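Since the structure of chain A is provided, determine the placement of chain B on it from the hints.
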Amino acid sequence: KNQVEQSPQSLIILEGKNCTLQCNYTVSPFSNLRWYKQDTGRGPVSLTIMTFSENTKSNGRYTATLDADTKQSSLHITASQLSDSASYICVVSNTGFQKLVFGTGTRLLVSP
Amino acid sequence: NAGVMQNPRHLVRRRGQEARLRCSPMKGHSHVYWYRQLPEEGLKFMVYLQKENIIDESGMPKERFSAEFPKEGPSILRIQQVVRGDSAAYFCASSPQAGRADTEAFFGQGTRLTVV
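Chains as they are written, first to last, in this note's numbering: chain A, 1 to 112; chain B, 113 to 228.
Note that these hints are calculated values from the structure, not bench results.
Just to be clear, a hint being listed does not mean it is correct.
[As the list claims (entries may be wrong)] The list that follows gives simulated cross-link-like pairs (lysine-lysine, DSS-like), each with its CA atoms no further than 27 Å apart:
1. Lys1/A x Lys163/B
2. Lys17/A x Lys37/A
3. Lys174/B x Lys37/A
4. Lys57/A x Lys17/A
5. Lys37/A x Lys1/A
6. Lys1/A x Lys71/A
7. Lys71/A x Lys37/A
8. Lys174/B x Lys1/A
9. Lys71/A x Lys183/B
10. Lys99/A x Lys71/A
11. Lys183/B x Lys17/A
12. Lys183/B x Lys1/A
13. Lys57/A x Lys156/B
14. Lys71/A x Lys163/B
15. Lys163/B x Lys183/B
16. Lys163/B x Lys174/B
17. Lys37/A x Lys57/A
18. Lys156/B x Lys99/A
19. Lys99/A x Lys57/A
20. Lys156/B x Lys37/A
21. Lys174/B x Lys156/B
22. Lys163/B x Lys139/B
23. Lys1/A x Lys156/B
These numbers were taken from a predicted model, which means no experiment stands behind them.
Looking at chain A on its own, in the form it has when it is part of the complex (with noise of 0.2 Å):
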């Protein structure tokens, strides 16, 4: 059964620190991974999208990191920033747009 888990489901860190998120993923075949923030009442925004071949992708203070082999991925957030407070989830694809497996996410909270 397609799968993707997320942990920890909810985080809370000081703001200024960095944190890392986790997910796993049973999805196959795979095709890519991708990262959403999604702030309370709103949509998924994206932030990385990896496809197999890709290790490492930044986006700003954002960087995620993969393992096909292992079905890994990471969301490193540095020097966090109170607007970083959201629910972070992770998203495999394999065979197009509409069949994407949602991760349920990570909530974190920054606090001052």
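Leaving out everything else, chain B in the frame of chain A:
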């Protein structure tokens, strides 16, 4: 260039009523996807449409749910005879090209349906 527009943002319906959710894709986008997010769950694919065509409706319940994307106007997700279990956030996404695995699509802000 406005983003994907969904309306209404919030919709309350009594059991047995009909719910109509609208999605206007980004300008120039002809592909629309609908997703449903139940409380504490991840988004689940429902239906993929191009103008006037349903391409993939494998995630949509066979009964009470229907979707359309007419030549003119927004895409509509219609839920007939709503039940409490239909309460969820419904998100629409649009893309300018076919639904390849690396397609970049943009999400609307969602419609939160509450059935009372």
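Starting from Lys163/B, check that the Cα of Lys183/B is at most 27 Å away, please.
Given that 27 Å is the threshold and the Cα spacing comes to 6 Å, the pair holds.
Has the given pair, Lys163/B with Lys139/B, been kept, meaning a C-alpha gap of at most 27 Å?
13 Å, holds
Given the hinted pair Lys163/B and Lys174/B, is their alpha-carbon gap at most 27 Å?
The given pair, whose Cα atoms are some 21 Å apart, holds under the 27 Å limit.
Agreement of Lys99/A and Lys71/A with the hint, judged by alpha carbon distance not exceeding 27 Å
18 Å, holds
Holds or violated: Lys71/A and Lys183/B, Cα atoms, limit 27 Å.
Distance ~41 Å between Lys71/A and Lys183/B Cα, so the pair is violated.
Would you mind confirming whether the straight-line C-alpha gap from Lys71/A to Lys163/B stays at or under 27 Å?
36 Å, violated
Check the hint pairing Lys156/B with Lys37/A against an upper bound of 27 Å on the C-alpha distance.
Holds, at roughly 16 Å.
Sort out whether Lys57/A lies within 27 Å of Lys37/A, counting only the CA atoms.
15 Å, holds
Is Lys99/A within 27 Å of Lys57/A, Cα to Cα?
The hint holds at about 22 Å.
Please verify whether Lys37/A and Lys1/A have alpha carbons no more than 27 Å apart.
The given pair, whose Cα atoms are some 25 Å apart, holds under the 27 Å limit.
Restraint check for Lys174/B with Lys156/B, where alpha carbons must lie at most 27 Å apart:
15 Å, holds
Starting from Lys1/A, check that the Cα of Lys156/B is at most 27 Å away, please.
14 Å, holds
Checked against the numbered hints above, the structure violates hints 1, 3, 9, 11, 12, 14; every other hint is satisfied.
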